[in-house]
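Throw the hints in and build the complete structure from the sequences for me.
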Amino acid sequence: MHKTKIILDIDRIKKDFPIFSQKINGHSLVYLDSAATAQKPSLVIEETTRFYTEYNSNIHRGAHKLGELATIAYEEAHEKIAKFLGADIEEIIFTAGTTESLNLVAYSLVKTLKQGDKIVLTEMEHHSNIVPWQQLAKQYGVNIEYIKVKDFQLDIEHAKKIIDSKTKIVSVMHASNVLGTINPIKELAKITHDIGALFVVDAAHSAPNMKINVKDIDCDFLAFSGHKICGPTGIGVLYGKKHLLDKMSPFLYGGHMISEVTLKDTTFADVPSKFESGTSNIAGAIGLGYAIDYINKIGLENIHYYETELAKYAIETLKKIVGVKIYGPDENRTGVISFNISGIHAHDVATILDREGIAIRSGNHCAMPLMNALGINACNRASIYFYNTFDDIDNLVEAIKKAKKIFKVTNETSE
Amino acid sequence: MQKPENPNDFGELTEEEDIYKENILDHYKHPHNTGSLKEYSFKHKELNPLCGDTIEMFVLFENEKVKHVSFIGHGCAISQASASMLTDYIKNKDLEEVKNIKRDVILEMLGIKIGVVRMKCALLSLRTLSKGVDKLSGTHNKDNIGLCR
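Going line by line, the protein sequences match chains V and R. With our numbering, the residue at position 308 of the first sequence is 308, and numbering never jumps. With our numbering, the residue at position 11 of the second sequence is 11, and numbering never jumps.
It should be emphasised that the hints constitute simulated quantities derived from the structure, not laboratory data. Any given hint might turn out to be false.
[Stated by the list, open to error] In silico EDC-like links for lysine to aspartate or glutamate, alpha-carbon gap of 20 Å or less:
{"hint": "1", "chain 1": "V", "residue 1": "Lys402", "chain 2": "R", "residue 2": "Asp26"}
{"hint": "2", "chain 1": "V", "residue 1": "Lys247", "chain 2": "V", "residue 2": "Asp88"}
{"hint": "3", "chain 1": "V", "residue 1": "Lys401", "chain 2": "R", "residue 2": "Glu39"}
{"hint": "4", "chain 1": "V", "residue 1": "Lys405", "chain 2": "R", "residue 2": "Glu39"}
{"hint": "5", "chain 1": "V", "residue 1": "Lys402", "chain 2": "R", "residue 2": "Asp18"}
{"hint": "6", "chain 1": "V", "residue 1": "Lys160", "chain 2": "V", "residue 2": "Asp194"}
{"hint": "7", "chain 1": "V", "residue 1": "Lys215", "chain 2": "V", "residue 2": "Glu187"}
{"hint": "8", "chain 1": "V", "residue 1": "Lys405", "chain 2": "R", "residue 2": "Asp18"}
{"hint": "9", "chain 1": "R", "residue 1": "Lys135", "chain 2": "R", "residue 2": "Glu108"}
{"hint": "10", "chain 1": "V", "residue 1": "Lys408", "chain 2": "R", "residue 2": "Asp26"}
{"hint": "11", "chain 1": "R", "residue 1": "Lys120", "chain 2": "V", "residue 2": "Asp354"}
{"hint": "12", "chain 1": "R", "residue 1": "Lys113", "chain 2": "V", "residue 2": "Asp354"}
{"hint": "13", "chain 1": "R", "residue 1": "Lys113", "chain 2": "V", "residue 2": "Glu356"}
{"hint": "14", "chain 1": "V", "residue 1": "Lys312", "chain 2": "V", "residue 2": "Glu301"}
{"hint": "15", "chain 1": "V", "residue 1": "Lys408", "chain 2": "R", "residue 2": "Glu22"}
{"hint": "16", "chain 1": "V", "residue 1": "Lys118", "chain 2": "V", "residue 2": "Glu157"}
{"hint": "17", "chain 1": "R", "residue 1": "Lys93", "chain 2": "R", "residue 2": "Glu39"}
{"hint": "18", "chain 1": "V", "residue 1": "Lys118", "chain 2": "V", "residue 2": "Asp164"}
{"hint": "19", "chain 1": "V", "residue 1": "Lys325", "chain 2": "V", "residue 2": "Asp151"}
{"hint": "20", "chain 1": "V", "residue 1": "Lys405", "chain 2": "R", "residue 2": "Asp26"}
{"hint": "21", "chain 1": "R", "residue 1": "Lys21", "chain 2": "V", "residue 2": "Asp164"}
{"hint": "22", "chain 1": "V", "residue 1": "Lys23", "chain 2": "R", "residue 2": "Asp18"}
{"hint": "23", "chain 1": "R", "residue 1": "Lys113", "chain 2": "R", "residue 2": "Asp26"}
{"hint": "24", "chain 1": "V", "residue 1": "Lys14", "chain 2": "V", "residue 2": "Glu301"}
{"hint": "25", "chain 1": "R", "residue 1": "Lys65", "chain 2": "R", "residue 2": "Glu96"}
{"hint": "26", "chain 1": "V", "residue 1": "Lys408", "chain 2": "R", "residue 2": "Asp18"}
{"hint": "27", "chain 1": "R", "residue 1": "Lys21", "chain 2": "V", "residue 2": "Glu356"}
{"hint": "28", "chain 1": "V", "residue 1": "Lys402", "chain 2": "R", "residue 2": "Glu22"}
{"hint": "29", "chain 1": "V", "residue 1": "Lys312", "chain 2": "V", "residue 2": "Asp151"}
{"hint": "30", "chain 1": "V", "residue 1": "Lys401", "chain 2": "R", "residue 2": "Glu22"}
Put into structure tokens, the structure is as follows:
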């Protein structure tokens, strides 16, 4: 039907995801909310369950068979992530998600800064890459400046201006969760390192759909969440350069992260254990490992190519609807497409679409500063992943037309 | 009657379940009592951070009755229609009555089924009103409601 070269067998892929076998409000599920959380393939669901049914045990503790099996599986998960990012195994820390990863970096780094030092973020960041820095900066008398967004892209000239000798940390999202923009992080890493500051990458919205190599980017830290890459919720990753992690103080204190404890003092374990206090989310880590296996099998290059093709088609067709405004670039983007329809609030659009079995997100997408910069309160976001089809996009377009009909938004009243 | 196999599948929605009924859309497109008041006993603004809906309400009491009420708001049809209806509803009502408005009043006025996700939108207007009224009782004796400009 569609003349695009299709490189993935989507019909077969869809069968890997049990959620698509059901009906929602009488319709087949059209899931366009993967940027909020991705669906889970049977492999991940089954392997997570298998941990609990066959070898549930704590790790690095009991000298019994189950403990050994669990420890091996958990270590394997570390290894899979390390390989996935082109990192060494001691550089991979399991956290609860991107938010905890960024908090870990912020809590460990900001307290080493001096009053008057500067942290540089961007206007398009998710709240999770603003609020931790902002709150700690207040506590330690550190300043924050934001790289401006111009035409849905980071203003690199502005970045060069504000990343100066006072700057100690630069933290930037790789791909925008609202605009779909892919930021030039290699270039920003270079600008940052040229003045001797540390470069942090929020890869929550790029790890699921782009090949990432931390050595190639030359970032000092990189964070992503498991649940957006077909893994379980409550598990995430922080990559950090080994020599930096070695120097940093722990974020959470407690069990597992120690080497020796007396009543007077504690010596900490080596990385990554130093940053993985308490009983880890073992099932989550194992599940994420299998999610990475699944993604690798399909291939990130294939995923990125297919997602880009779908996004291109979606943007072209959405633009044909009078009154639709898209917030994001046409090219060099992911499958995240944000838009508003003149005369219908985003929340109402999402409700009407839901009645057609189409799941999208509406609201401010945890990016209120970006919403302000765009001059809007809210928008709709359709986010594409590799299990979506061209038919899904056609359904989206039809449902939007229906929403316009329900709200009696005629073509004449559009801006 | 056969039960659906999947708990999420309730089949096609009936007209009764359709939340965009004519009266909601009328209030949304032509909201009543909009704008600000120059004289008011309180003004209060609330927002729904998840979806970006905002409502600022202005209420003027005279002899412990609502004399004038207005609101300024941005947001979805449900939140704005509910503000339009609620401001109609409280006109000439006693302070005590206004204090005791329950969420069912709003849901009944809207006359539609509201799910958990949209409940925050539907009740934003009532939250704004209640918090505004709280401001009054927090700072003023109810027999002596101050006038702000």
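Here is what the structure says about each hint:
no.	hint	result
1	V/Lys402 / R/Asp26	18 Å, holds
2	V/Lys247 / V/Asp88	17 Å, holds
3	V/Lys401 / R/Glu39	44 Å, violated
4	V/Lys405 / R/Glu39	40 Å, violated
5	V/Lys402 / R/Asp18	13 Å, holds
6	V/Lys160 / V/Asp194	11 Å, holds
7	V/Lys215 / V/Glu187	14 Å, holds
8	V/Lys405 / R/Asp18	14 Å, holds
9	R/Lys135 / R/Glu108	26 Å, violated
10	V/Lys408 / R/Asp26	11 Å, holds
11	R/Lys120 / V/Asp354	17 Å, holds
12	R/Lys113 / V/Asp354	15 Å, holds
13	R/Lys113 / V/Glu356	17 Å, holds
14	V/Lys312 / V/Glu301	16 Å, holds
15	V/Lys408 / R/Glu22	11 Å, holds
16	V/Lys118 / V/Glu157	18 Å, holds
17	R/Lys93 / R/Glu39	18 Å, holds
18	V/Lys118 / V/Asp164	9 Å, holds
19	V/Lys325 / V/Asp151	14 Å, holds
20	V/Lys405 / R/Asp26	15 Å, holds
21	R/Lys21 / V/Asp164	57 Å, violated
22	V/Lys23 / R/Asp18	19 Å, holds
23	R/Lys113 / R/Asp26	18 Å, holds
24	V/Lys14 / V/Glu301	19 Å, holds
25	R/Lys65 / R/Glu96	9 Å, holds
26	V/Lys408 / R/Asp18	15 Å, holds
27	R/Lys21 / V/Glu356	17 Å, holds
28	V/Lys402 / R/Glu22	16 Å, holds
29	V/Lys312 / V/Asp151	18 Å, holds
30	V/Lys401 / R/Glu22	18 Å, holds
Violated hints, listed in ascending order, are 3, 4, 9, 21; each of the other numbered hints is respected by the structure.
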